[in-house]
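Visitor: With the hints as your guide, set chain V onto chain U.
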Amino acid sequence: MSAPTRYPPARVSRYRLDAFAARAGLHPDMLHRFVALGLVDAHPDPGGQLWFDAADLATVARIRRLHNDLSLNYAAIGLVLDLLDEIERLRALARWSRS
Amino acid sequence: MAADYYQVLGVSHDVSPEELQQAYRKLARRNHPDVNKDPAAEDRFKEINEAYHVLADPKLRERYDRYGSEFRSVPEGMDDQFAGAGARGRGAGRQRGQPGGGAGWAGEAGPFGSSGGGAVDLEDLFSDLFGGGRGAAAWNAGADQEAELELSLEEAYRGGRHRISLGPRSYEVTIPSGVVDGQRIRLGGEGGRGRGGPPGDLYLVVRIAPHPRFRLSGRDITVDLPLAPWEAALGAAVPVETPGGEAKVIVPAGSSSGRRLRLRGQGLPNPRGTPGDLYAEVKVMVPDQLSEAERGLFDELSRVSTFDPRRSR
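Chains as they are written, first to last, in my numbering: chain U, 1 to 99; chain V, 100 to 412.
No lab work stands behind these hints: they were computed from the structure. Glycine residues also receive a C-beta, built at the ideal position from the N, C-alpha and C atoms. Check the hints yourself; a few may be wrong.
If you only want the chain V side, here are some residues facing chain U, beta carbon under 10 Å, derived [claimed, not checked]: (1) 132; (2) 170; (3) 171; (4) 283; (5) 291.
Isolated chain U (complex conformation) (with noise of 0.2 Å):
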């Protein structure tokens, strides 16, 4: 890891259910489950269909990291997000107050 490496902003993107459950290595119908618990934010199209954030990808990655390392389950998994989401913004809040 010697040679600087430019990495590019990531791309911000869509896909379809399927596309996004075969990424994020998820049965749709688990994706679904996501969706229902409100892990995941589905946008739906006119013609009813749903299209998931590429970003999201990570969120799932860490959902199931969570699933299977801890042991919780999704519904608490909701709320470990969304407590970690806050714990990073105070954290990047205290880092602004102190510089």
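Guide: Chain V alone, transformed into the frame defined by chain U:
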């Protein structure tokens, strides 16, 4: 893993199963890569799981106690071990690194399995470590990590190459000129290793170390400007130190301590906009000891002057 499993979990050798689980749960929570952004946390987490996996299983624990960390390569018990829980773990482990493989759905770990009566909970816990036994997830993306990158103020001012070591990993990153405290530099794909899926990102959070002379606020820098009483009273052009070298500052006549003289654009550069300013803060100094001549002049000044700093403010 050469580390002592008891030490890894911080328990004594006669630990009870309940205490063992307690210690494990606490450590697992604290070091989980989604809770703890420290790049070293992921390896600790794996070690903790490995240690608990062995010590929580009475058979494995007995073998571990007897043979130490090499217990897996001791032939005798191999049959039992690989016929039982161990075999599943090893077999599933080989499935890592198959993103998109047909069997790679993350279902619910629980309902799929019916084997091993009381082991359901453990199964769930270890599905990550061993690539997910039974119908569970075979791969997953890695977590993002965060590490602090301490720079001196001069380094932040100039930018340039910087080497950073995180445990066994070492990176040479190019710091853009004019980073500010708290700014995050993203190294895509350098975070937690995924299981077959893409790795997470590593974020370096810039921390600008306190400087003996320069005080930093955002991009603005404040530096003391020591002046002799007559320079402060009469005005002067004096040199002032900036991170980019020496600059001249014009001190207007009648500058008391605390007056801030702005050198526009001499603070930290800003790659996307106006740079910060440098403030030279007047600090009037007097000689420790006066010569005869100086004493005479100050005496004369005190007789002539009507200035009272405690009234005329």
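Visitor: For each hint, tell me whether it holds in the structure or not.
Guide: Each hint, compared with the structure:
{"no.": "1", "hint": "132", "in the structure": "7 Å, holds"}
{"no.": "2", "hint": "170", "in the structure": "24 Å, violated"}
{"no.": "3", "hint": "171", "in the structure": "23 Å, violated"}
{"no.": "4", "hint": "283", "in the structure": "9 Å, holds"}
{"no.": "5", "hint": "291", "in the structure": "9 Å, holds"}
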